[in-house]
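Let's have the full structure, built from the sequences with the hints guiding it.
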Amino acid sequence: MRAFVIDGPGSGSVRDVPEPKATGNRVVVDVETVGLCGTDVELFAGTMPYFRQGLLTYPVRPGHEWAGTVREIGPEVTSVQPGDRVTGDTFVGCGTCELCRTGRHHLCPVHDEIGVRDGLPGALAERIAVPEIAVHKLPPSMSAAVGAFIEPGSCALRGVRAARVRDGAAVLVWGTGTLGLLAAQFARALGASVCVAGVVAEQLDLARRLGFDDVVRPEDLGGRQFVSVIDATGSTTVPGQAMNHIAPGGVLALLGVAPEPGVLDVNRLVLNDISAIGVLGGSACIDDAITLLQSNGVDVHPMIAGTVALDQVAEILCNGGKVAGTCAPKVQVAPSA
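Going by the numbering used here, the first residue of the sequence shown is number -17, and it counts up by one from there.
Treat the hints loosely; a few may be bogus.
With a Cα cut of at most 20 Å, we get these calculated SDA-like pairs of lysine to any residue [said to hold, decoys possible]: (1) K3 x G56; (2) K119 x N7; (3) K304 x V182; (4) K304 x T29; (5) K304 x L186; (6) K3 x V59; (7) K119 x R67; (8) K3 x T51; (9) K3 x T29; (10) K119 x C79.
Distance windows between CB atoms, simulated [as the list claims (entries may be wrong)]: (11) V198 x G77: 42 to 48 Å; (12) G193 x R34: 37 to 43 Å; (13) T51 x G85: 41 to 47 Å; (14) L262 x D293: 29 to 35 Å; (15) R34 x S277: 39 to 45 Å; (16) P91 x P(-9): 39 to 45 Å; (17) L253 x P57: 55 to 61 Å; (18) P64 x A229: 31 to 37 Å; (19) V198 x D293: 39 to 45 Å.
Worth flagging that the hints you see were computed from the coordinates, not collected in a lab. Just so it is clear, CB atoms sit at the ideal spot from N, CA and C, and this is done for glycine as well.
Rendered as structure tokens:
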């Protein structure tokens, strides 16, 4: 079986690896589409914090945004059958600790992350073996291209919920990458009045093509304030800047991981009764993300920069996960192409 393997910082290639086995509770899936994201870029560059924390070593088999068809199931599997179209949760907990028992397995102290942490190889391969607990069915009519957006979509949706977005509320989504554009669409689908802020002109144009009229650069926000602010930038400075635009009693939801610690004005936070909430992953929102991505109000297709083969992954990751000539934020991979 062919798979993309990262050997060290800036070094990766396609190689033959052993076929995954459908043992125990494992589900073997024929991978149809995989999305590349910033985490994959960090894994390739060697800047992922897990390396420094001793949670990850080379070689790495990346790929955690995926969709495919069940090929084979282990003897303990009961929830899916061969032929089912599926996607998967990135996080796999121990299943026995208090965090796992209360639906927070993404915080399990010994959790695995498929395609991210040591333990479970990722989906940048022709096939992948996934624990049954991490497998989620897709509607038969949903394309693999859309299905591969479920993982980032669930993260964005959880951010929208953390920000307490509601019908008619004024919401600011800061960031025009995949998470930002998904969060903006989800907030709009929930009836919010959404403003999108960003610094890349071409991606601001993409937001307009997605139907957003209130699209601005941060310096043009002036004194505007919002009940909910969603930071999807991964910037060190944006959270502090965003504090200037949160109405009293409002919420700041933080989806991005910054390269360095940032600063929030705690006095402003306390004296205005503002809530700041960090959002890690979207495990609890996967099924709802599937439902919303089927709706007419959310369109991921303009966000796809293109689809490449496994042999092109190293080049794309060297280029920061981008394809030249397009502002669309998501490159997808067809492992069997």
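Quick rundown of the hints versus the structure:
1. K3 x G56: holds, 8 Å
2. K119 x N7: Distance of about 16 Å is within 20 Å: holds.
3. K304 x V182: Judged against 20 Å, a Cα distance of about 14 Å means the pair holds.
4. K304 x T29: Answer holds: K304 to T29 is near 17 Å, not above 20 Å.
5. K304 x L186: Between K304 and L186 the Cα gap is close to 17 Å, so the pair holds against 20 Å.
6. K3 x V59: With Cα atoms ~13 Å apart, K3 and V59 stay inside 20 Å; holds.
7. K119 x R67: holds, 6 Å
8. K3 x T51: At roughly 15 Å apart (the allowed maximum being 20 Å), T51 and K3 satisfy the hint.
9. K3 x T29: violated, 31 Å
10. K119 x C79: Not satisfied, since the Cα-Cα distance of roughly 26 Å exceeds 20 Å.
11. V198 x G77: 42 to 48 Å: This hint holds: roughly 45 Å between Cβ atoms.
12. G193 x R34: 37 to 43 Å: holds, 41 Å
13. T51 x G85: 41 to 47 Å: violated, 28 Å
14. L262 x D293: 29 to 35 Å: Hint holds: Cβ distance 33 Å, inside 29 to 35 Å.
15. R34 x S277: 39 to 45 Å: The hint (39 to 45 Å, Cβ to Cβ) holds, given that R34 and S277 are roughly 40 Å apart.
16. P91 x P(-9): 39 to 45 Å: violated, 27 Å
17. L253 x P57: 55 to 61 Å: With Cβ atoms ~59 Å apart, the hint holds.
18. P64 x A229: 31 to 37 Å: violated, 52 Å
19. V198 x D293: 39 to 45 Å: Between V198 and D293, where Cβ atoms are some 40 Å apart, the hint holds.
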